Amino acid sequence: MPKILVVDDEEHIRLLYSEELKEAGYEVITAESGYKLLERIEEEKPALIVLDIKMVDYNGLDLLQDIRNRFYDLPVILSTAYDTFKEDMKSIAADFYVVKSFDLTELKKKIAMAIETSLPS
Amino acid sequence: MAFYEENPGGITKADMVLAIPTFDEVETIDFTTVQAATGLAEYFGGIESVIVNCDNHSTDGTKEGFFATPTEMPKIYISTGPEQRGKGNNLRNLFEKVRELEAGIVVVLEADIRNVAPHWIRNLGEPIRKGSGYVCPLYVRHKYEATLTSSLVYPLMRCLYGRRVRQPNVGDFGFRGDLVDVFLKSPVWTDSVQHFGVDIWMTTIALNARLPICQSLIGSPKIHRKKDPYAHLPVLFPQVISTIFDMMTVYADFWHRVKWSKPTLLFGTDSHEAETPVPAEVNVGRLHERFLEGFDKYNGMWQNVYDQTVCPKLQEIRGLDLQHFSFPTQTWAKILFDMAKAYSRAGESQRAVLLDSLLPLYLGKVLSFVKKTERMSIQQAEDYVENECTTFEETKPYLLKVWE
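If you read the sequences in order, they're chains A and B.
The first sequence stops at residue 121 when you use the numbering used here, and every number in between is there.
The second sequence stops at residue 404 when you use the numbering used here, and every number in between is there.
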């Protein structure tokens, strides 16, 4: 069962994503901020991260750079309320992005694609 | 070995090589060398570096201009013989020199860039120092600049090798020194690779070497001294495309195992604010004419090369007027996949005709891109290109089927 780490400072989003993704067959762990996120990733070894872009104390796009530099091929899906973030070139280091919604169809589709992406190592 | 070498400092070892390939660049070699030297001094001061001018036997005084430019670090000049033209041959000499010098970091800068600046050297070299294997720059580009990359090279390379390298054939790079051994061992060393194909050839090899790939934000457009994006198209197009197709045969085992794609590392996100690119002009009427002319010349060949669903679709597209012109991306992807297969099975003489026959279709695809994106911002057009890439990736099972 692939493990997904959801990083979002809004509790209701963490709950929604957890419930729906567990139902879809994933193991889900959550983090409410970017605090010690790299260490957490190191420990938990998630198969994929769903990362909020705008958190109170953290910029998701900066966290994305840190994640990409340390875990080159770890899939990261950006989750955002607005798509204006694309003007920031840092966003191209993400595998995918989704606009936050109560309907998680798009998120689930992107998760499935990111997990089945394969490159010879 | 280079046909000719001048190494006045007797340099036998270096940590970093800054290479400037040239052919008759006397007008700009001093400027480029100064920018290179400033960048090396400013950002790589603690390591032994050397500037190498890998020349194509220029007769305009490029060598003299290079040596006359004062720099802190030593300089080496190497050149091909008088009969050996092409940037690829310059770079092959460079690879051998890098191996000889045992350099760990290599940065290649084209000589005719009017706005090259010292931080470009940092952005191409620093990721290598931090562990990347190969660095491609990300220049600021107008939506209609480098349409060969947007409409063909990027989507095709991405769906083949699974890495999202947006500008894979630009001519300026950074790479790890030991990659030269892989370059020098490549079984593909065609006439195209010796000329304009060398840039995409290097990137393809780097992608297949499974090294971490980095894209580095330059923050500026790349402004060449010679400026006409379509002037070299009849030469550039077959050389780049034949190189991609030749490499597909070599790396078939790799790309068969690639599904979807992944991003790369990114560098330079904290540097200078991005400039706004100068709008690139496109003559849509001429593109349409060239597309239609293709039917008179190549319709028979297309019937033999393409899947049975493609030719009726092309006829439909042919019937569209300029205002409603549209070339579906899935059809375009199938055309490239069918053409790659046909090319791989064709003899040498037939290959040239096949590539010629692809050019009008490419121009039709560019026209469609221009029509679809004419009211879009650069960012929106970029999203459009990303969606095209997804269509290529979704259509890849078709390639796997026809290749067998």
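Think of the hints as simulated: they come from the structure by calculation, not from any bench.
Treat the hints with care, since some could be wrong.
What follows is a list of derived Cβ distance ranges for each label pair [unchecked claim]:
#1 B:K259 x A:K54: 47 to 53 Å
#2 A:E42 x B:R257: 42 to 48 Å
#3 A:T105 x B:M376: 25 to 31 Å
#4 A:S121 x B:Q303: 37 to 43 Å
#5 A:S121 x B:Q379: 57 to 63 Å
#6 A:K54 x B:I47: 51 to 57 Å
#7 A:S121 x B:E42: 34 to 40 Å
#8 A:E42 x B:P279: 55 to 61 Å
#9 B:K259 x A:D66: 22 to 28 Å
Since this is a predicted model, take the numbers as computed values, not measurements.
Where is the CB? At the ideal position from N, CA and C, for every residue including glycine.
Hints and how they fare:
1. B:K259 x A:K54: 47 to 53 Å: Once the Cβ atoms are compared, 32 Å apart, the range 47 to 53 Å for A:K54 and B:K259 is violated.
2. A:E42 x B:R257: 42 to 48 Å: Given range 42 to 48 Å: violated, Cβ gap about 28 Å.
3. A:T105 x B:M376: 25 to 31 Å: holds (26 Å)
4. A:S121 x B:Q303: 37 to 43 Å: holds (42 Å)
5. A:S121 x B:Q379: 57 to 63 Å: violated (33 Å)
6. A:K54 x B:I47: 51 to 57 Å: Violated, at about 40 Å.
7. A:S121 x B:E42: 34 to 40 Å: holds (37 Å)
8. A:E42 x B:P279: 55 to 61 Å: Hint violated: Cβ distance 47 Å, outside 55 to 61 Å.
9. B:K259 x A:D66: 22 to 28 Å: This hint holds: roughly 27 Å between Cβ atoms.
Hint compliance for this structure: hints 1, 2, 5, 6, 8 are not met, and every other hint is.
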